[in-house]
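**Student:** Start from the sequences and build out the full structure, keeping to the hints where you can.
Chains as they are written, first to last, in my numbering: chain Y, 1 to 360; chain A, 1 to 360; chain R, 1 to 360; chain C, 1 to 360.
If you want the footprint, here are the derived chain R segments under chain Y, 3+ residues with CB under 8 Å: (1) 50-58; (2) 294-305.
List of simulated lysine to aspartate or glutamate pairs, EDC-like, C-alpha gap at most 16 Å: (3) Y:Lys210 <-> Y:Asp95; (4) R:Lys176 <-> C:Asp327; (5) A:Lys176 <-> A:Asp233; (6) A:Lys41 <-> A:Asp69; (7) A:Lys269 <-> A:Asp297; (8) R:Lys148 <-> R:Asp86; (9) A:Lys176 <-> Y:Asp327; (10) Y:Lys210 <-> A:Asp297; (11) C:Lys176 <-> R:Asp327; (12) C:Lys210 <-> R:Asp297; (13) C:Lys322 <-> R:Glu213; (14) Y:Lys143 <-> Y:Glu106; (15) R:Lys210 <-> C:Asp297; (16) A:Lys357 <-> A:Asp132; (17) R:Lys322 <-> C:Glu213; (18) Y:Lys176 <-> A:Asp327; (19) C:Lys237 <-> R:Asp327; (20) R:Lys56 <-> Y:Asp297; (21) Y:Lys237 <-> A:Asp327; (22) A:Lys322 <-> Y:Glu213; (23) C:Lys23 <-> C:Glu62; (24) A:Lys73 <-> A:Asp45; (25) R:Lys68 <-> R:Glu28; (26) A:Lys73 <-> A:Glu36; (27) C:Lys56 <-> A:Asp296; (28) Y:Lys56 <-> R:Asp297; (29) C:Lys355 <-> C:Asp136; (30) R:Lys56 <-> Y:Asp296; (31) A:Lys237 <-> Y:Asp327; (32) C:Lys56 <-> A:Asp297; (33) Y:Lys282 <-> Y:Asp311; (34) Y:Lys143 <-> Y:Asp122; (35) R:Lys237 <-> C:Asp327.
These are calculated hints, taken from the structure and not from any lab test. A quick note: this is a predicted structure, and the numbers were derived from the prediction, not measured. A virtual CB, placed ideally from N, CA and C, is assigned to each residue, including glycine.
Number of protein chains: 4
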Amino acid sequence: MLSVAIIGATGVVGQEFIVALDKHPWFEVSAIAASERSAGKRYIDALRDPNTGILKWHQHREVPDYAKDMVVKGVNDIISDAKKYDLIFTAVETDDARAIEPRLAEHVPVISTAAAFRYEKDVPILIPGVNDAHADLLNYQRKARGWKGFIAPLPNCTTTGLAITLKPILDSFGIKRVIMTSLQAVSGAGRSPGVAALDIFDNIIPFIPKEEEKVQIETVKILGRLMDSYIQDASIKVSCTCTRVPVIDGHTESVFVESVNECMPEDVKNAMLRYSRNVSIKDLPSAPRDYIYVHDDPSRPQPRLDRDMNDGMTTVVGRIRKDTAFDNGVKYVLLSHNEKMGSAKGAVLLAEMLKVKDLL
Amino acid sequence: MLSVAIIGATGVVGQEFIVALDKHPWFEVSAIAASERSAGKRYIDALRDPNTGILKWHQHREVPDYAKDMVVKGVNDIISDAKKYDLIFTAVETDDARAIEPRLAEHVPVISTAAAFRYEKDVPILIPGVNDAHADLLNYQRKARGWKGFIAPLPNCTTTGLAITLKPILDSFGIKRVIMTSLQAVSGAGRSPGVAALDIFDNIIPFIPKEEEKVQIETVKILGRLMDSYIQDASIKVSCTCTRVPVIDGHTESVFVESVNECMPEDVKNAMLRYSRNVSIKDLPSAPRDYIYVHDDPSRPQPRLDRDMNDGMTTVVGRIRKDTAFDNGVKYVLLSHNEKMGSAKGAVLLAEMLKVKDLL
Amino acid sequence: MLSVAIIGATGVVGQEFIVALDKHPWFEVSAIAASERSAGKRYIDALRDPNTGILKWHQHREVPDYAKDMVVKGVNDIISDAKKYDLIFTAVETDDARAIEPRLAEHVPVISTAAAFRYEKDVPILIPGVNDAHADLLNYQRKARGWKGFIAPLPNCTTTGLAITLKPILDSFGIKRVIMTSLQAVSGAGRSPGVAALDIFDNIIPFIPKEEEKVQIETVKILGRLMDSYIQDASIKVSCTCTRVPVIDGHTESVFVESVNECMPEDVKNAMLRYSRNVSIKDLPSAPRDYIYVHDDPSRPQPRLDRDMNDGMTTVVGRIRKDTAFDNGVKYVLLSHNEKMGSAKGAVLLAEMLKVKDLL
Amino acid sequence: MLSVAIIGATGVVGQEFIVALDKHPWFEVSAIAASERSAGKRYIDALRDPNTGILKWHQHREVPDYAKDMVVKGVNDIISDAKKYDLIFTAVETDDARAIEPRLAEHVPVISTAAAFRYEKDVPILIPGVNDAHADLLNYQRKARGWKGFIAPLPNCTTTGLAITLKPILDSFGIKRVIMTSLQAVSGAGRSPGVAALDIFDNIIPFIPKEEEKVQIETVKILGRLMDSYIQDASIKVSCTCTRVPVIDGHTESVFVESVNECMPEDVKNAMLRYSRNVSIKDLPSAPRDYIYVHDDPSRPQPRLDRDMNDGMTTVVGRIRKDTAFDNGVKYVLLSHNEKMGSAKGAVLLAEMLKVKDLL
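**Tutor:** Written as structure tokens, this is what we have:
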């Protein structure tokens with residue numbers, strides 16, 4: 001068993017790590033850390049609102065037994081003891097990540113849900129099953145920075161489903177252009193305080209600060225080519241509009257692709273399914289039965305009906321049609337669970353992939 | 001005063017006609033008709049559920065006084081007396097429209113919210129302010145069909161805002177391609193029964209039967225060129241994905257445009273505002289103060305905040321940005337009130353425009 | 001194995017029966033029936049919208065394999081072959097129930113989710129665990145009507161949780177008066193068409209036709225005393241206001257009880273838990289681990305967080321406090337899953353109880 | 001014109017004051033104050049999120065012109081200059097109110113939306129039209145505390161509609177007991193951050209900290225009798241359960257009343273309407289056309305349809321029925337706009353009443 005620590009364990013994403021690592025066959029949670037306000041408390045107590053006694057636990061299943069009585073550490077405790085762990089998962093805000101993660105990575109691998117280091121040259125943005133080969137850049141990063149560990153960030157949760165579904169299209173048909181409009185769930189904005197009910201009830205907010213830039217940059221990096229010391233972006237033009245919609249969980253994306261070669265909807269479907277069947281990570285503990293699932297029912301995917309498929313680890317696709325704006329093109333709708341494959345459980349899958357590659 | 005009749009007056013769109021024509025300076029409602037079940041009742045009684053006594057009235061303001069005591073006629077009464085009216089507004093399902101409207105149009109102009117005749121060669125799809133010149137095709141239609149009247153259908157409510165915002169871009173920069181994803185309100189699906197709460201709560205339905213085809217066909221027809229006996233489609237490629245979202249009123253559309261000539265966001269904004277200031281119909285009784293309104297606040301337009309601007313007759317635009325997928329392109333978000341400018345009140349505006357053109 | 005038939009199998013409640021009986025240890029579904037429109041089709045095909053191909057399946061899990069290929073019968077087929085079954089579950093509208101159920105009950109026991117026979121003197125309204133003894137009235141009914149079977153209706157789904165939570169209070173403290181306001185989920189209104197999104201978004205509908213009368217009458221009957229040929233109502237005064245709220249599943253009820261004897265909140269909690277631990281039906285296959293669960297967290301129960309506890313078979317209680325309007329009294333909030341314990345799965349639990357009592 | 005200041009002008013309630021006082025015939029806004037972070041900025045700039053440029057303005061109509069360019073003061077500026085104003089409206093949190101309001105009241109009348117002083121003996125809780133006579137206690141307060149001004153707090157927004165509808169019942173029939181369950185809108189919880197979408201979507205939260213106690217205490221005080229130096233509570237027993245529901249604006253309350261004398265629903269309706277017609281404040285500038293409106297349609301009041309009646313100043317009642325739990329009793333449903341009559345606009349109405357009574 002590898003010994004892992006979770007930083008930011010009381011937040012929403014941290015809670016997902018607590019759940020995703022329950023009874024994990026390879027990883028054992030040895031320490032959990034949060035802000036100074038929580039440090040020293042039992043985990044279950046740290047989750048409780050001090051004024052009202054209300055438990056601030058946002059998962060469907062109850063708090064796993066293993067975590068309830070763990071004493072929450074301060075972040076500095078983890079930093080000073082970093083060598084004791086084989087791997088650290090971080091679930092903190094970008095600014096905190098920028099300060100904390102390098103100090104941890106000096107000693108130990110760090111898998112991060114924050115954006116802080118995603119855009120640095122020697123940092124790959126890994127989606128297990130899509131660009132596993134980019135993991136080699138972590139060795140370069142290690143050497144270049146003189147670290148024992150490394151920082152391996154997840155992509156933005158809106159990028160995940162897009163990159164996963166573009167990959168088989170890129171491999172089979174080539175891609176010139178991607179135009180995407182997202183309909184993102186409120187859970188993507190977290191809970192501290194997250195989206196106010198008053199802002200999103202009976203409403204759409206057609207703007208999520210910095211989101212579009214992230215998706216555009218990350219997609220071409222993830223689909224790019226590993227060079228010795230960096231990733232060369234894929235030469236795909238990507239344009240997004242990201243919106244927030246009144247849906248609890250699950251990001252829906254409307255995607256239009258101009259391909260290099262002719263691609264008929266049936267061929268795209270088959271390419272996706274073939275890719276899904278053969279995906280590199282299919283035997284890992286957290287991998288879903290279906291990496292991509294394709295609906296023929298034109299009314300799917302729907303977030304409420306489809307987001308929990310295979311515990312939120314499947315990217316669900318539907319409405320694959322010939323595009324009418326491009327000579328060669330296809331359009332489709334995808335659904336990706338932003339709090340599962342797009343977040344902590346996706347990070348655990350990444351850890352599994354890195355372990356198999358002997359990077360942990 | 002012109003004498004008008006409303007067919008389908010008890011339905012949602014019919015109710016909007018009742019409201020939109022209240023105290024109208026040019027049009028007087030002389031007759032209202034509905035299904036046989038309602039015929040013979042006072043309007044206010046026809047609106048009442050016979051079992052529960054609940055009033056099935058779906059407008060924000062109360063039933064206008066002028067309509068309350070009008071006795072609802074059967075549709076056949078209107079058909080047999082069609083000559084008594086100067087104009088008939090229809091708000092019926094497509095199949096009924098196909099049967100009823102030609103029989104009315106033999107005698108009197110018909111403005112229709114149904115799709116039944118939109119795609120016939122001698123039928124223009126008119127948006128007042130966008131393609132007024134196409135109204136001349138109504139004279140051709142009249143002659144060709146040997147009618148005293150004509151059928152003038154509105155476009156689909158999702159087409160309206162798209163065509164309105166594309167028009168100034170087309171005129172100033174030329175358009176090659178349009179890619180649009182809609183986030184459509186549930187009121188667009190009507191109320192008999194309309195969208196079930198169980199289907200759309202906490203959910204997106206990424207499919208609205210036939211909607212995308214309608215928008216794609218109508219947009220190029222509306223932006224096309226009037227020939228002697230038909231409209232030649234604009235040579236623009238249009239591709240849409242239409243979704244239903246949990247919003248009560250107001251269709252949001254995420255639009256990506258590849259233009260012929262370079263178009264910077266500021267130039268597009270100015271083109272829209274200039275067009276809005278000079279729009280042909282600006283002095284008509286139902287015209288809004290702003291035909292197009294452009295927000296600089298990046299979080300707008302939002303349906304709950306913006307849909308009621310100028311009583312729902314303004315197309316509200318925001319997030320005009322340079323597109324990153326095309327060499328020359330722009331992307332933006334628009335909001336159009338599907339039950340106002342996109343429906344009955346838009347039909348009344350159309351009637352006003354036709355009157356000014358001496359077509360009534 | 002007992003051979004059972006389901007009538008109304010394509011509707012929402014019928015679908016729940018299909019799910020609740022999957023792999024049941026005692027009951028085997030031998031036939032499913034629906035309207036003539038569906039008869040002759042495979043079940044999976046009967047669920048499909050003939051126009052759009054969209055599957056009208058409203059359960060979280062997929063259609064069970066055993067049901068997919070069963071050929072749907074017409075209701076008359078079941079009636080004419082009624083003797084072939086050991087038990088029939090009906091999930092049809094009240095008027096249909098009134099016509100169909102007696103013809104079935106001539107030959108075979110019928111468990112019904114409809115209200116048609118609930119209020120007849122020789123018909124008990126059974127909640128397994130609350131008034132099992134009332135089942136003896138079924139033998140009287142049998143004889144009195146000259147039937148081989150009987151009709152055993154479930155209560156209204158709003159009555160279920162109320163009666164379950166009142167029972168231990170009644171037994172321990174006596175009850176004079178009950179005042180209840182319900183906040184009912186939209187799924188309680190079914191799906192054909194059910195509650196329209198336009199009516200309930202951002203809204204409360206403070207009226208559900210006939211619901212309050214049902215709850216008031218049923219509660220005192222269920223908590224009443226079995227006499228030879230009828231149930232004598234409990235002498236409790238009940239007053240309800242029933243409202244519809246924008247929640248998908250799970251009825252919340254705010255309950256105020258005036259008790260005969262003093263009842264402190266802690267005592268009420270203990271009475272509920274003791275009752276739950278010892279409930280008669282606790283070893284039946286469909287019985288939940290907790291018959292009643294009591295939260296100490298004052299923010300619970302919440303429908304989204306608590307409705308699925310033990311697959312929706314647990315009545316979840318919280319906020320037990322001393323009432324301030326009565327000298328002796330208590331108030332609390334309960335949550336009951338209207339589509340599980342309050343519907344088909346509760347009916348299966350009832351069937352299990354009747355089997356143990358040798359009534360099947 | 002009286003010169004007024006608004007403290008807490010950038011918050012949600014403060015914004016309502018800004019709107020409610022626009023073009024007011026008697027009051028002129030001379031100063032607006034907010035936290036130090038906003039002080040020194042133009043009002044329109046203080047409303048803008050410094051990071052995103054998004055305007056944090058939560059009213060349906062735009063920011064009134066008179067306020068846009070006013071420079072926001074710090075609270076201490078108002079305190080040190082308090083004598084310059086004839087009246088101060090405060091819209092701050094309870095703790096801040098406790099600190100600030102007495103320092104203002106030394107010099108000038110203060111109308112407060114906070115709970116800080118509501119429960120002190122020499123402080124009346126005033127609802128204009130219900131207990132105007134209690135305003136005399138302000139003179140006692142003035143003298144007892146040696147202040148030139150006084151503190152006059154509004155009740156909790158959930159109390160307002162309850163007290164208004166109980167008043168005519170109390171006057172005509174006497175009241176023994178009131179049992180109320182509220183279904184409160186999310187706007188009642190404010191916006192900083194207010195209710196998180198993730199907590200209330202598809203959900204009910206059956207607990208609002210301290211709310212029930214407030215309503216219970218305030219109701220009997222408001223309906224009580226003015227003695228020389230205090231209010232003697234009405235001898236009515238009140239019990240509430242307060243819940244939060246997914247509704248934007250408008251508190252719905254399900255009320256059960258045990259009366260002293262027999263009260264038939266028709267008589268209660270007539271008592272309410274008579275009271276409404278003759279209400280003391282009916283000629284004040286902010287008074288609604290209907291103080292109480294009674295629906296006969298059993299499906300009303302509904303928050304989305306009825307909350308904006310008379311700009312949210314009318315208490316809308318429906319479903320008046322004989323109660324079945326009490327020998328003499330009535331039950332009904334009420335709707336009160338928590339952000340209008342229950343908040344700033346109600347405070348302005350109170351100011352008008354106090355002016356007419358020469359207390360300003």
